[in-house]
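For the record, the sequence lines run as chains C and Z. Following the numbering used here, the numbering of the first sequence begins with 2 at its first residue and continues without gaps. Following the numbering used here, the numbering of the second sequence begins with 360 at its first residue and continues without gaps.
Keep in mind that the hints are not guaranteed to be accurate.
Claimed, not checked - Ranges between beta-carbon positions, derived for each pair:
1. Z/P376 - C/S210: 20 to 26 Å
2. C/N245 - Z/R436: 33 to 39 Å
3. Z/H604 - C/V23: 55 to 61 Å
4. Z/E599 - C/L81: 42 to 48 Å
5. Z/A486 - C/G289: 55 to 61 Å
6. C/S299 - Z/P653: 44 to 50 Å
7. C/I302 - Z/E498: 27 to 33 Å
8. Z/H481 - C/T287: 51 to 57 Å
9. Z/V386 - C/H157: 21 to 27 Å
These aren't lab readings, by the way, just hints derived from the structure by calculation. Just so it is clear, CB atoms sit at the ideal spot from N, CA and C, and this is done for glycine as well.
Now for the letters of each chain:
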Amino acid sequence: MDESTLLSIQNLEVNFYTQRGVVRAVRDISFDIKKGETLALVGESGCGKSVTAHSINQLIPMPPGKIDAGKIFFEGRDLLTLSEREIRKLRGQRISMIFQEPMTSLNPVFKVGDQIADVFLTHQNITKKEAWDRALKLLELVKIPAPESRIDSYPHQLSGGMRQRVMIAMALASPEPGLMIADEPTTALDVTIQAQILDLLADLKQEISMSVLLITHDMGVVAETADRVVVMYAGRKVEEANVNDIFEKPSHPYTLGLLNSLPSNEKYRGAKRLEAIDGTVPDLLTIGDWCPFENRCSFAIDECRNSFPEGTSIGEGHTTWCHRVEEVIKKRNNA
Amino acid sequence: MENLLEVKNLKTHFTLPTKKIGAPKPVLKAVDDVSFNVHRGEVLGVVGESGCGKSTLGRTVLRLENKTSGEVHYEGRDIFELDKAEIKHLRTQAQMVFQDPYSSLNPRKKINSLLSQPLRIHTDLSAAERTEKIDSIMEEIGLNPRYKNRFPHQFSGGQRQRIGIARALTLDPEFIICDEAVSALDVSVQAQILNLLLDLQDRHHFTYLFIAHDLGVVEFVSTRIMVMYLGKVVEFAQKEELVAHHAHPYTKTLFAAFPTTDPHARETKKRVVMGDVPSPISPPAGCHFHPRCPHAMDICSKEYPEMREISPGHFAACHLLK
């Protein structure tokens with residue numbers, strides 16, 4: 002493995018064994034995150050982006066969930082072979098997480114200062130006073146106004162944006178943050194507050210060399226923050242590229258459809274209709290082994306109903322999984 | 360242009376409970392002195408962040424919420440002066456589509472019953488005529504009429520929102536308020552529903568009041584756009600005019616904060632936003648936006664600026680704009 006690679010997911014397969022049958026949530030997902038890089042995992046509800054991310058620090062409920070195949074290397078160690086004790090040590094120290102709704106992730110009966118200090122006290126051998134001082138420094142780092150008084154606040158006394166800042170502070174409460182998994186970190190926030198949080202994350206990445214795995218459904222957030230993008234659909238990876246290529250040279254019919262579904266797309270100035278993707282996502286209980294997008298895809302041919310395609314490399318670090326990639330690119334270039 | 364709806368100095372205030380005996384009860388001014396007209400056949404977009412009063416405004420103009428003061432005229436008649444029979448008639452003319460199709464459809468009722476209820480209450484159609492009507496509406500909104508004996512939970516989010524729209528269509532209304540009608544949907548489904556709403560408008564000449572927090576969506580569907588902040592309208596103009604020449608600092612902030620889909624833009628992007636949205640219970644004195652405004656002057660903390668017409672049909676309330 003490359004020196005610069007922090008996390009490497011290889012052929013990950015996650016299934017949920019439910020009463021109604023086996024839900025094939027994640028199928029054959031592989032990607033790497035480099036040190037200092039922001040990788041965005043994009044897709045719509047149910048595409049498996051959160052399950053993939055939660056597999057990293059094994060936060061998926063098992064049972065019914067089960068990681069049936071694959072390897073997850075973090076700094077060269079396969080996380081799936083570690084004991085619960087070893088995983089716990091990594092969580093909060095080297096791999097941290099922030100979620101969509103900070104109010105449900107923060108404990109309502111403790112002051113935010115205590116909650117941040119707790120992370121230090123759990124993982125490091127320091128006094129309460131030192132932990133509290135470090136918590137205060139972190140609140141300054143995440144630009145909470147008047148941190149000396151805010152440190153004594155309870156979560157309900159803070160606004161949504163402030164709470165998300167506290168969550169970010171907790172995620173940074175480590176001498177050596179490695180990977181931050183941000184699961185829809187701004188989805189519940191108003192757009193002016195979202196802009197502040199995205200700015201903060203960008204600033205922090207400059208100050209601390211940390212990698213971010215960003216999970217989002219919002220292509221706007223991707224454009225503003227990501228270095229590289231993995232597009233998922235119904236448990237499969239369908240396209241991977243750097244952020245500019247995803248927006249300028251989308252080469253999978255689903256990525257194209259996703260960008261065309263955005264009403265803010267430049268090409269809709271003065272238009273009366275969007276080019277929507279017809280149909281709905283297939284049921285993951287009954288999904289077959291062929292291309293999952295086949296039933297909604299205008300390019301689909303018989304082959305698409307027979308097998309899931311091999312990846313086609315179409316540029317540096319740009320790969321797409323589509324039988325009809327040449328036709329897709331031709332159509333995109335003519336449009 | 361003919362006005363379908365005229366709203367004059369509308370205020371909707373809510374008195375909140377207090378725990379202290381004898382203490383004055385706090386008042387939440389959800390809608391505070393708002394005036395506007397909705398032209399027949401247009402899509403008037405209302406955009407703003409949470410707590411700006413956009414949903415309360417939508418509910419008050421349908422008399423689902425009581426006003427505190429002001430007037431709302433629908434086709435020239437004050438809706439707060441109507442008697443019972445007239446209100447019942449208004450309910451057939453003006454409909455609402457809600458954000459969450461999961462909670463706005465009764466889970467214990469089949470689609471057939473959800474759609475026939477308005478017809479049973481408001482029309483004297485026979486059972487056969489009702490069935491015919493429901494079938495034709497389901498076809499129109501893109502659902503197979505075979506599905507009408509299913510329950511809401513048997514549908515996906517997008518299909519449920521189609522049912523919500525079908526229910527609004529049953530009585531052939533002319534005015535539809537869409538309150539965050541596409542916000543809970545995935546983008547590919549959202550695009551389908553936006554197309555559906557615009558197709559329906561083409562066919563039936565509906566007038567929409569389209570309430571949403573997503574600037575991209577509002578910009579796409581609207582003819583005119585109204586921007587709200589803490590209960591007040593801060594800017595109001597034709598869509599093209601507002602997009603090209605937004606003048607109010609809050610509108611500028613909103614446009615700047617909205618993420619673009621051009622990854623190259625992030626280096627050059629100006630960062631403008633400061634601070635949080637204050638509580639609507641005690642909004643800042645003077646112009647409500649002044650604590651966050653980069654151009655705030657002395658007068659901004661003292662006086663609320665009047666709405667001025669800064670160019671034909673383009674209104675804004677800001678002391679900077681004279």
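Consistency of the hints with the structure:
no.: 1; hint: Z/P376 - C/S210: 20 to 26 Å; verdict: 51 Å, violated
no.: 2; hint: C/N245 - Z/R436: 33 to 39 Å; verdict: 56 Å, violated
no.: 3; hint: Z/H604 - C/V23: 55 to 61 Å; verdict: 56 Å, holds
no.: 4; hint: Z/E599 - C/L81: 42 to 48 Å; verdict: 55 Å, violated
no.: 5; hint: Z/A486 - C/G289: 55 to 61 Å; verdict: 43 Å, violated
no.: 6; hint: C/S299 - Z/P653: 44 to 50 Å; verdict: 47 Å, holds
no.: 7; hint: C/I302 - Z/E498: 27 to 33 Å; verdict: 30 Å, holds
no.: 8; hint: Z/H481 - C/T287: 51 to 57 Å; verdict: 41 Å, violated
no.: 9; hint: Z/V386 - C/H157: 21 to 27 Å; verdict: 22 Å, holds
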